[in-house]
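Going down the list, the protein sequences come from chains A and B.
Just so we're aligned, residue 1 is where the first sequence starts under full-length UniProt numbering, counting upward by one.
Just so we're aligned, residue 1 is where the second sequence starts under full-length UniProt numbering, counting upward by one.
Hint data in this document are derived by calculation from the structure and do not stem from the laboratory.
Ideal Cβ placement from N, Cα and C applies to all residues, glycine included.
A couple of the hints might just be wrong.
What the hints assert, rightly or not - Examples of chain B residues toward chain A, derived with CB under 10 Å: (1) Trp79; (2) Leu95; (3) Arg129; (4) Leu131; (5) Asp163; (6) Arg168.
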Amino acid sequence: MPKLSERFHKIIRFSFRNYSSKTETKPKKDVDPCRTFKIYRFGGILSKEQPKIQSYELDVSTCGKMVLDALIKIKDKDPTLTFRRSCREGICGSCAINLQGMNCLSCITEIPPAKTITILPLPHMYVIRDLVVDMTHFFNGYDSIRPYLVRKNDGAIGKTQLAQSIKDNEKMVGLYECVLCSCCSTSCPSYWWNGRRFLGPATLLHAYRWVIDSRDDDTEQRLYELRDSFKAFKCHTIMNCSLACPKGLHPAKAIMNLKRLISGLDKKPVPEIDPGKFKSGGDSGSGKNKKCCP
Amino acid sequence: MAFSMFLRTSGCQSRMFTQQAMRLATQPAITQRMISSSLPVRNIMKDTKTTPILNAIRSFRTSCVRRSAEKVEDHSRLWVIERVVSAALVPLIPLALMMPNKLFDSLLAILITAHSFWGMEAMVVEYIRVLLFGHVIPKIMMLLVYFLTATMLGGLFYLNFNDIGVSRAFWRIWKNMKSKNAK
Numbered sequence: 001m002p003k004l005s006e007r008f009h010k011i012i013r014f015s016f017r018n019y020s021s022k023t024e025t026k027p028k029k030d031v032d033p034c035r036t037f038k039i040y041r042f043g044g045i046l047s048k049e050q051p052k053i054q055s056y057e058l059d060v061s062t063c064g065k066m067v068l069d070a071l072i073k074i075k076d077k078d079p080t081l082t083f084r085r086s087c088r089e090g091i092c093g094s095c096a097i098n099l100q101g102m103n104c105l106s107c108i109t110e111i112p113p114a115k116t117i118t119i120l121p122l123p124h125m126y127v128i129r130d131l132v133v134d135m136t137h138f139f140n141g142y143d144s145i146r147p148y149l150v151r152k153n154d155g156a157i158g159k160t161q162l163a164q165s166i167k168d169n170e171k172m173v174g175l176y177e178c179v180l181c182s183c184c185s186t187s188c189p190s191y192w193w194n195g196r197r198f199l200g201p202a203t204l205l206h207a208y209r210w211v212i213d214s215r216d217d218d219t220e221q222r223l224y225e226l227r228d229s230f231k232a233f234k235c236h237t238i239m240n241c242s243l244a245c246p247k248g249l250h251p252a253k254a255i256m257n258l259k260r261l262i263s264g265l266d267k268k269p270v271p272e273i274d275p276g277k278f279k280s281g282g283d284s285g286s287g288k289n290k291k292c293c294p
Numbered sequence: 001m002a003f004s005m006f007l008r009t010s011g012c013q014s015r016m017f018t019q020q021a022m023r024l025a026t027q028p029a030i031t032q033r034m035i036s037s038s039l040p041v042r043n044i045m046k047d048t049k050t051t052p053i054l055n056a057i058r059s060f061r062t063s064c065v066r067r068s069a070e071k072v073e074d075h076s077r078l079w080v081i082e083r084v085v086s087a088a089l090v091p092l093i094p095l096a097l098m099m100p101n102k103l104f105d106s107l108l109a110i111l112i113t114a115h116s117f118w119g120m121e122a123m124v125v126e127y128i129r130v131l132l133f134g135h136v137i138p139k140i141m142m143l144l145v146y147f148l149t150a151t152m153l154g155g156l157f158y159l160n161f162n163d164i165g166v167s168r169a170f171w172r173i174w175k176n177m178k179s180k181n182a183k
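Pulled out of the complex, with its shape left as it was, chain B reads as follows (with noise of 0.2 Å):
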């Protein structure tokens, strides 16, 4: 994320950054000299085989781009593990619930706090936005996030390890409302 913020200053925004990484990153069919380019002024005028173009003109190309001026991560990896969460969780649940057992309960903690996990980051990335909120509340909602999930976490496995497990508290509690709900 700092690295995304980096790419977001001006330095790097600008077009004329933009601009030198194209030229730099790509095969153009025909050589193309711009009078805003680095070169000292003299190269350009004394070159009279090319047609210089104005930086008002924007230099198209029509073959491949490969910009690896940019580095961005691979997230198709990410979303398709987290599809894979949602679906496991679907009938681990009642599975888990059925047979409490350390292992289901084990997993259920990892598989629901990874869930959890992604969501509220969704929810952080999608709605705290940095043109509402500035830029420290994102990264502090951020911070709040892990600091929930690692909560989440280390309390579902005290539950599995140094108490009666999550299936088993799950019933306990069912169980106190029915009773609850009768008196």
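The shape of chain A in the complex, shown without the other chains (with noise of 0.2 Å):
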């Protein structure tokens, strides 16, 4: 066991080099191409067998850059192999894996410069098969925070546009762009010990998108909803989520700001712009539209 100082200076050495922006990098080993895949096998609940960890053997310069560029090429081998995947580019939220323990995104994560390469599912998720996990109560949580506009006397939703500053939509920016990927949520032990009432980073992300959007009319009882002591509360800023999102999003900030509106210590702004600012006086529809050519 090195000297504590020793440890010290090792941990000093290693985020001045690996974190500091100097152009010229420092020799990189190069890893043989010739890699082992370590793969969770499982064959689901009805199979009766006990999962295991299977091993594959796969040249990456025979594949392309990314995970799931792998992940395809041990399928051709291997076609029992199952996994979860539709965009390959990191938008839909497919092909959430745990790769060397962290959370990723498969189809946007580079195969890592080591030798052998664990793919689990997702923490504390009931497995379907292989990779492919349950995700029914992470998109109930979702569900029930109302993720959708909610406006108060507006009569027919859609007849004009909703009115927005652009410094208002800023606000949005780093919320909207959330995949329901759930690699947040399964990074956060307090969702895996209390996740049956615990909503997850995920799901407050969401509920905080809604809240502090302008156009929203219905933030007092989007945030009443959120009192009790687990949905919201559970968060004990671990701030696994931020580190685990693959959009690179700041759950846990979100999720600051949403306890400060809950608990009353911050109001949500008004809004710079009436958003039923387009709404025509006395709109019976087509009859009243402008004309934009004479």
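Once you've looked at the hints, go ahead and assemble the two chains, each given alone in its own frame, into the complex.
Here you go:
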């Protein structure tokens, strides 16, 4: 066991080298392209067999750079390997896996420069088969926060455009991009232990997204629904979520702002532009449309 | 906590209960009848104006939902108080140690006990889960937490009023440890 001061110096050297923005890079050890992929295999609860880790040998120079490319190449050899994938560009959120112990999207994560690559399903989720997990409870939680615009006294929604200033729109940057991959929620220990009632960082990020949307009128009710001790307040600022997000979002910050709003320490600001600005006086539909050409 | 356990019984959790509660609590845009509702079958068959909704299809509502069926306590005020206590302890501990007096000692005793109680309660609620330990053990652990809290408060106040006080006791132990090291 190295001395404490030696370990301390090692940590300092590591941080300075790896996190400094010097243009010259330290000499990288080239890893042999023949890698071992250790992938979790499970036939499902009806198959009555024990889950196991199966090793696959793959030459990564024969497939694309991303982990999903490797998985597809492995599936060519072993068609029984099962995993989710759709867009292959990190926008659908289907291919979330646990790679080398960290949650990520396999389609946008490069194959790490390691000899052995361990691929497991998302942690603390019921496994349907191999890398496919049951997302039902996750999506139920998301549905429960009413992820849609609620306007009061608006009659027909969709007749006219809702106005929003640029600054109000920028408040939602970093919130609307969430693809519901559940990398953050499944990396949260609080969601592991109390996922039944704690909503998790992804859902809370979306709850915050709808709360601070200047066009939404139901803020009071939304915050009222989150006031119990489990839905939002079981977040203990562990911050695993922001570390895990493959889109680079910051759920922990959104939850911080959400908690401040729920407890009344902050108030949602009044919209800069009235969202109903473009609503004409006595709208009877098509008859009152402004003529754009004479 | 007992009420939350009641809410978790099968009666309160059943689909029927939540469906009925939702029906009573919301103002649906179109009146819908469910085949599995409590009305007699004859009434439903006569009503041809509305489409019967099977139990397999969930109804949804686009208006605001006011669910008064479940009584949920507002935890946000307690959350703020917990943070205020934590923040207050940061300057109070060095201040009380530097200037030992009865007021600071009493304040320290109360705040430290409160902080420890909330911490221990969070640990029990977070880790001693019903799924793993059953229904009895979490309750016993919670009682243990209450017992430890009461003992802590009682002990600290004994120290304050029947003895030298928390801050002076701390320095006594500190000096004792130092002199033990020197020997």
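- prompt: Does Leu95/B meet its interface restraint, that is, does its C-beta lie within less than 10 Å of any C-beta in chain A?
  reply: Where the cut-off is 10 Å and the nearest Cβ of chain A is about 25 Å from Leu95/B, the hint is violated.
message: For the restraint on Arg168/B, tell me whether the closest CB of chain A is nearer than 10 Å.
response: violated (34 Å)
Interface hint outcome for Leu131/B [beta carbon to chain A under 10 Å]: Since chain A brings a Cβ to about 8 Å from Leu131/B, closer than 10 Å, the hint holds.
query: Close enough to count: is the Cβ of Arg129/B nearer than 10 Å to one in chain A?
result: holds (6 Å)
- request: May I ask you to test the interface hint for Asp163/B with respect to chain A, counting a Cβ-Cβ separation under 10 Å as satisfied?
  value: Cβ of Asp163/B sits 36 Å from chain A, so the hint is violated.
task: Double-check Trp79/B for me: the hint is only fine if its C-beta lies closer than 10 Å to a C-beta in chain A.
output: holds (5 Å)
Violated hints, listed in ascending order, are 2, 5 and 6; each of the other numbered hints is respected by the structure.
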